[in-house]
Amino acid sequence: MKWESRRSFVIATAALALAMTAPAGAQEAKGKLVLYTSQPERDAAQTVAAFRRVQPNVDVEVFRSGTTEVMAKLAAEFAGGQPKPDVLLIADAASMEALKADGRLQPYKEAKVDGLAAGSFDSDRTYFGSKLITTGIVVNTAAKSRPTSWADLAKPEYKGQVAMPSPLYSGAAAIMLGTMTTRSDLGWKYFEQLAGSAIAVRGNGAVLNAVASGEKTYGVLVDFMAFNAKAKGSPIDFVFPAEGLPAVTEPVAILKTATNPAAARAFVDFILSDEGQKLAATMGYIPARASVGMPSWYPPGAKINLMPTDIAKVVHANSANLQRFAEMFGK
Amino acid sequence: MARLTIEHLSKLYGDFRALDDVTLTVDNGEFVAILGASGCGKTTLLRQVAGFDKPDAGQIRIGDAVVSTPEYHVPPERRRIGIVFQSYALWPHMSVAENVAYGLDVAGIRNPERAHRVNAALALVELDGFGDRRPALLSGGQRQRVALARCLVTEPSLVLLDEPLANLDVHLRASMEREFAKFHERTGTTMIYITHDQAEAMALADRIAVMDHGRILQVATPSQLYREPADATVARFIGEGMVVPVANVEIDGDATCTADVLGRRVRLRHGPASARGTHACLREHDLRIAHGNGVRATVTSVVYQGGHFRVEATCAAAPATALHLTVPEPCGVHAGDAIDIGIDDGWLLPADHESQLSEQR
Amino acid sequence: MRDAHERLDHAALRGSLFVVVAVLSLLPLTRLIWEGLAPGGTASTSALVRVLTDASTWTATAHSLVTAFGGTLVAVVIGAIVALVVTLTDMRARSAFVFFFVMPLLIAPQVVALAWLQSFGPASPLLRMLGAAPLVGSRNPLYSPAGIIVVLGVQYAPLVFLTLRAALRSLPQELMDAALAGGARPFRVVRTIVVPLMTPPLLAGVALSFVSCLGNFGIPALLGIPANYVVLPTLVYQRLAGLGPGVLSDVAVLSILIGAMAVAGILIQDALLRRRDFRIPAAAASARAFELRRWRPFVETALWLLLVVVLVLPLCALVLTSLVPAVGVTLGIKTATLENFQFVMFEHAAARRAFVNSVALSATASIVIALIAIPLAYFVVWHKSPLFAAANIVTEIPYAVPGVVLAIAAILLFLRPLPIVGISIYNTVWIILFCYLARFLVLGLRPVASGYRQLDRTLEEASQIAGARLMRRLRTIVVPLVAPAAAAGALLIFLTAFNELTVSALLWSSGSETLGVVFFSFQQGGDSTYAAALGVLTVIVSVALMLSTLLFARRVPQGVLPWRD
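Residue numbers (my numbering), protein chains in the order written: chain A, 1 to 331; chain B, 1 to 361; chain C, 1 to 565.
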């Protein structure tokens with residue numbers, strides 16, 4: 001008896017000593033981290049797994065759904081007075097702006113923003129773009145003619161063959177609408193023409209399905225979805241329109257009510273670190289820090305023309321834009 | 001065994017008086033029939049006695065215990081009565097034996113006494129050996145008897161029967177009537193028998209309560225009901241009585257009088273309250289064909305009924321009332337003939353109908 | 001003394017039923033209405049006014065009513081005809097047919113809609129084979145209210161079928177014999193005897209499918225959004241997708257609107273049922289089949305063709321998609337792959353957890369609800385009291401409102417730890433179970449209530465006379481007699497809960513995923529092939545579960561399993 005207890009005591013002490021001499025890594029965070037994200041299922045799983053390799057003592061609880069669902073859940077939690085998440089990683093900056101305006105976000109002044117694309121993070125350091133997701137034109141390989149610009153899509157010969165994500169149901173599509181309607185070469189006139197050719201479906205996934213299955217020949221789609229499907233064999237091609245591509249940054253932010261701010265900061269650090277950015281590239285996204293390298297589908301040496309977005313303006317004009325769009329795309 | 005006392009019982013559904021000041025006493029061991037046409041309130045009364053509904057006024061006592069008043073209500077499962085429902089209400093998911101044993105199971109009675117009593121009950125209704133069958137496979141008469149056995153196995157103080165023979169054919173009815181009669185004799189259970197069929201009531205009951213529109217019109221022995229109906233409704237309902245107007249009544253004794261009936265002077269019976277009666281009740285057997293000396297009438301139909309004819313006729317003095325009488329075979333009259341009808345007897349109906357709500361013994 | 005015992009039994013049972021209904025049906029929606037009338041804590045009618053004066057609200061309401069009525073009509077026609085033919089005629093392979101006819105309930109509505117969409121579009125392999133494929137670029141006819149109505153009707157026909165079949169099987173032969181003896185041909189017998197007697201279960205089916213169509217999101221989302229045909233559930237999503245502080249209160253007001261329509265529907269159903277007596281005498285032998293004779297091959301072919309349309313088409317689309325590496329790749333020997341299945345089964349831990357969670361949640365919900373529904377329906381149908389009539393109506397509401405709304409209400413309710421016990425069920429499986437119980441209670445209640453309506457009450461009265469108290473009567477007489485109806489309800493609940501998506505989409509978190517959630521994530525993220533593989537696996541598991549019930553078929557009372565005669 002006594003021998004057993006003494007032996008276990010010795011073992012315990014040895015283990016403790018060992019633990020204390022372990023190499024001190026980057027600031028160790030621990031405890032539970034609650035993440036609400038609208039990344040696709042697989043990408044969210046990979047992000048969390050990679051984060052845990054860097055911070056093994058953090059238990060990550062994830063809620064993953066569409067941006068609409070995430071925001072709805074958040075809204076209910078705010079109304080109930082006890083928001084759960086520590087960090088958010090959602091698809092559009094417009095929602096982040098709304099949260100910031102509501103005073104829900106916590107600034108992280110010390111975040112390492114060197115090398116990040118200009119305008120991809122909030123000037124007050126409340127949210128940071130994790131990657132760049134552009135929207136372009138996707139074409140079924142069986143198509144007889146290919147559009148080379150946004151304007152082409154509205155051409156009468158493409159009537160009834162175009163699918164686009166409806167901004168009424170998708171924040172990212174709403175940002176695209178807000179961005180393109182302020183341009184002089186597109187504007188509302190463009191959408192009036194497009195209303196005759198295109199149908200608005202719910203979400204990018206539906207657009208991909210429609211074009212890949214041949215139901216529609218052309219679509220408006222986010223880059224990574226098109227390229228990931230193409231890599232697996234879908235009969236589609238991605239076209240970079242001449243006027244440029246609207247982009248969203250899929251920002252990450254820390255909530256003011258975070259119960260584990262240390263782990264939350266560690267998560268943001270990870271996302272913005274080279275390792276996190278490289279992960280984004282391997283998952284098929286354009287990283288926010290260009291220096292880590294581009295995803296495999298990116299034409300080498302090319303410079304993709306991004307449409308600049310004034311996020312504040314977009315948020316401001318949003319409800320008017322959506323109303324106008326709804327009237328325009330009515331039957 | 002118990003005496004059932006119903007006092008001034010009333011039940012209203014909105015404005016509709018389903019039961020209107022009903023008073024009735026059934027003695028220990030008596031067999032009382034409640035007789036009436038559909039909608040007269042007899043089923044409502046049964047449900048009140050059983051405890052499925054609560055009264056709006058009045059009282060029901062079983063034995064000495066009050067079971068129903070508007071404020072106090074003993075639920076059916078506590079009243080220790082038995083009911084044979086019109087639809088038999090046999091539980092389709094149980095066998096005959098399980099159906100019959102149910103009441104015993106509830107009382108916690110186990111084998112061997114349970115099996116013994118079930119078999120005895122089945123033997124009583126002559127369904128020995130039917131224990132394992134399912135109700136769905138039995139005939140109407142057999143289901144009837146299972147329902148009776150189920151009712152009796154718990155030895156209730158009072159048994160209510162709700163038109164039990166209504167769904168059976170004529171031959172079966174006759175034999176089931178005998179069953180009930182035998183059964184009552186053997187066990188002496190107080191039985192209340194709801195029916196619209198007079199023949200059943202007359203054959204089985206010690207006393208009959210005639211109901212109409214929620215009220216009891218008369219409670220009397222079958223014979224009294226037949227010979228001395230309390231009012232015109234009872235008179236017409238029982239035995240197809242003919243109610244005819246009378247005039248110039250002369251009482252000449254405690255029980256007899258003479259009066260002008262349809263133009264003839266006739267000797268009638270009367271009761272204590274009949275002094276100023278204006279109508280009389282005539283029965284079939286009170287009338288006969290009197291050649292030359294009787295009420296003039298014209299035959300409207302002659303129907304053969306096996307051994308005798310039923311002759312219907314109308315007479316000028318009371319064209320609204322159809323008279324009918326039986327004539328043994330062979331009958332010499334035909335439709336359209338003029339005949340004379342002799343009236344040998346009749347009952348002078350009491351003048352004041354309300355007073356007839358009291359019981360007669 | 002023993003009287004008091006009886007009254008206590010009664011009171012205790014009624015009291016607990018009230019509490020259950022209040023907690024499940026009233027509480028979440030009251031909390032949500034509170035949010036609508038007092039946004040952010042301060043009472044104000046601003047949200048009410050804003051939503052009710054918006055033209056789009058009323059357009060969406062009109063559209064909702066149109067699609068709900070239309071969809072119900074289609075569902076009732078299909079469901080009733082199939083129920084009549086299957087139960088009353090001598091068609092062959094009846095059990096197999098019923099088995100397959102019920103299966104579409106297992107496939108998510110979005111998948112059904114997607115399969116139809118592909119079958120009628122320019123890429124349709126079927127139409128291409130027939131040379132009837134529409135030109136690329138022509139509008140798919142399914143993007144229209146008519147398309148929504150047809151797909152809704154097809155989706156919910158099994159609901160009506162299940163409700164009706166349980167009742168039809170208790171129809172006694174003598175009722176139809178009487179009509180046949182009177183000289184009526186079989187059609188006339190069905191029209192004049194069977195259908196009127198089947199009015200309560202028929203109306204129950206009508207009510208169920210009306211409310212289901214009203215609250216359905218997946219089908220109008222897929223077919224209505226591209227046509228800009230908005231119904232109330234999709235309008236709710238529009239509001240949620242918008243940015244702004246008034247989101248929740250707007251959603252609350254819209255939900256009140258939907259709830260009111262559902263309540264109106266049930267009030268009408270009750271009014272229609274009140275006038276007549278539909279009781280069928282018990283203990284009569286149940287109906288023999290009508291002989292079809294020379295019509296038999298035609299009828300059977302028609303039925304199996306129907307199955308092809310409602311089941312085989314979507315299943316094929318699902319299977320084909322699950323076997324290709326990416327959407328749009330034509331399935332061939334070279335391209336076929338099992339990689340999707342491999343991913344879903346072995347590499348994606350969430351999918352495996354989701355299976356377990358969904359089976360457990362659906363089974364628990366269906367059993368618990370059946371246990372609640374039996375005494376609840378007893379009081380609703382046999383103890384006419386205004387309180388229970390109100391309780392009856394209130395149970396409709398959590399099913400009528402879109403799933404996302406119920407989820408939001410649950411979040412508002414359970415965000416904080418429960419009082420007294422101090423545990424929080426938020427972000428666990430328990431909050432999902434709560435929502436399932438609240439939402440699907442009506443699916444269990446309706447069939448059982450219609451079962452009670454068909455019973456002769458003297459069966460219970462006879463046991464009262466024999467001395468049995470309430471609990472014993474329920475246990476020995478009532479439960480066995482309504483068991484088939486209760487089981488029909490439980491099955492309905494299981495099949496619906498297994499696939500459901502919109503409720504758990506907001507309530508799950510790591511560890512408490514459901515199948516619908518995982519499926520939805522895959523679809524949204526463009527991983528339709530993974531979604532399809534998951535869908536196929538779901539169907540296989542469910543079919544296995546349904547088949548396994550046949551092993552217990554002997555122990556289960558007659559009529560409980562609709563595919564076993």
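I should point out that these hints are in silico values taken from the structure, not numbers from a laboratory.
Please note: incorrect hints may appear among the correct ones.
What the hints assert, rightly or not - List of simulated lysine-lysine pairs, DSBU-like, C-alpha gap at most 30 Å:
#: 1; chain 1: C; residue 1: Lys384; chain 2: A; residue 2: Lys144
#: 2; chain 1: C; residue 1: Lys384; chain 2: B; residue 2: Lys54
#: 3; chain 1: A; residue 1: Lys230; chain 2: A; residue 2: Lys100
#: 4; chain 1: A; residue 1: Lys100; chain 2: A; residue 2: Lys313
#: 5; chain 1: A; residue 1: Lys230; chain 2: C; residue 2: Lys334
#: 6; chain 1: C; residue 1: Lys334; chain 2: A; residue 2: Lys232
#: 7; chain 1: A; residue 1: Lys100; chain 2: A; residue 2: Lys112
As the list claims (entries may be wrong) - Some residues of chain B that are not near chain C, with every Cβ distance over 12 Å (derived):
#: 8; residue: Ala136
#: 9; residue: Thr154
#: 10; residue: Gln198
#: 11; residue: Val302
Unchecked claim - Pairwise CB distance ranges, derived in the manner of DEER restraints:
#: 12; chain 1: C; residue 1: Trp430; chain 2: A; residue 2: Asp310; range: 52 to 58 Å
#: 13; chain 1: A; residue 1: Arg146; chain 2: C; residue 2: Ala146; range: 30 to 36 Å
#: 14; chain 1: C; residue 1: Pro386; chain 2: B; residue 2: Pro245; range: 17 to 23 Å
#: 15; chain 1: A; residue 1: Asp59; chain 2: C; residue 2: Val19; range: 34 to 40 Å
#: 16; chain 1: B; residue 1: Ala107; chain 2: C; residue 2: Ala11; range: 20 to 26 Å
All C-beta atoms in this analysis are idealised placements derived from N, C-alpha and C, irrespective of residue type, glycine included.
So, going through the hints one by one against the coordinates:
no.	hint	in the structure
1	C:Lys384 with A:Lys144	violated (70 Å)
2	C:Lys384 with B:Lys54	holds (15 Å)
3	A:Lys230 with A:Lys100	violated (37 Å)
4	A:Lys100 with A:Lys313	holds (15 Å)
5	A:Lys230 with C:Lys334	holds (17 Å)
6	C:Lys334 with A:Lys232	holds (14 Å)
7	A:Lys100 with A:Lys112	holds (20 Å)
8	Ala136	violated (5 Å)
9	Thr154	violated (7 Å)
10	Gln198	holds (25 Å)
11	Val302	holds (33 Å)
12	C:Trp430 with A:Asp310: 52 to 58 Å	violated (45 Å)
13	A:Arg146 with C:Ala146: 30 to 36 Å	holds (34 Å)
14	C:Pro386 with B:Pro245: 17 to 23 Å	violated (53 Å)
15	A:Asp59 with C:Val19: 34 to 40 Å	holds (37 Å)
16	B:Ala107 with C:Ala11: 20 to 26 Å	holds (24 Å)
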